[in-house]
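J.: Chain by chain, the residues run as shown.
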Amino acid sequence: DAKTTQPTSMDCAEGRAANLPCNHSTISGNEYVYWYRQIHSQGPQYIIHGLKNNETNEMASLIITEDRKSSTLILPHATLRDTAVYYCIVNNNDMRFGAGTRLTVKP
Amino acid sequence: DSGVTQTPKHLITATGQRVTLRCSPRSGDLSVYWYQQSLDQGLQFLIHYYNGEERAKGNILERFSAQQFPDLHSELNLSSLELGDSALYFCASSVTTGGNTGELFFGEGSRLTVL
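Chain order of the listed sequences is A and B. For what it's worth, my numbering labels the leading residue of the first sequence as 20, then goes sequentially. For what it's worth, my numbering labels the leading residue of the second sequence as 17, then goes sequentially.
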């Protein structure tokens, strides 16, 4: 089973920031947090990952709490094309995906 | 283009039959992962190979088997097919295994329909 908990679905207005939470309370010290998204039935796409520090790239920002038990993926200016299922996974040997959060960006 | 190639893209077969799905990882990637995604379901991890060796096994049925060859391509064999095996099968590859798996690169998937 996946080691993360995410809300089933979220809505976001176009142009606003989308904040997607993830709980991973059993994370081990050397496990990374990864975020992927899947648009319709395409292959999942890597977004970002981190260990302890906050991370930012051209797609998103990742905020990890100090105790590392939760994280938030931030899409700073959501567009309609960001509508997708977003998966938060904790790295281990098998990279198990949970059910993810279905983000719907609305005009 | 992720660099991961999966064939065939679409496959229609009958119950009781056997099929083989093929995955060519990105150049240099030693790890291959297989996932199953049924209609409107999440990604179910099946199995992980690293440099020819099985590293982790997930919810893979006994009717299913996989292997990774010396050239690092991988095959997923599905036998005695049932209607419920109809799904998208994704392959992903990454550079490393262990403490930090690294970014997974996914193929476009093989859509299997069992009639």
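For the record, the hints were derived by calculation from the structure and aren't laboratory data. Don't take each hint at face value.
With a Cα cut of at most 27 Å, we get these calculated DSS-like pairs of lysine-lysine [as the list claims (entries may be wrong)]: (1) B:LYS25 / B:LYS73; (2) A:LYS71 / A:LYS88; (3) A:LYS22 / A:LYS88; (4) B:LYS25 / A:LYS22; (5) A:LYS22 / A:LYS71; (6) A:LYS88 / B:LYS73.
Counterexamples of contact, computed for chain A against chain B with all Cβ distances above 12 Å [said to hold, decoys possible]: (7) HIS68; (8) ASN110; (9) ARG115.
For glycine and all other residues, C-beta sits at the position ideal for the given N, C-alpha and C.
J.: Does each hint fit the structure? Answer for all of them.
T.: Results for each hint:
no., hint, result
1, B:LYS25 / B:LYS73, "holds (24 Å)"
2, A:LYS71 / A:LYS88, "holds (10 Å)"
3, A:LYS22 / A:LYS88, "holds (11 Å)"
4, B:LYS25 / A:LYS22, "violated (31 Å)"
5, A:LYS22 / A:LYS71, "holds (17 Å)"
6, A:LYS88 / B:LYS73, "holds (26 Å)"
7, HIS68, "violated (7 Å)"
8, ASN110, "violated (5 Å)"
9, ARG115, "violated (5 Å)"
Against the hints set out earlier in the document, violations occur for numbers 4, 7, 8, 9.
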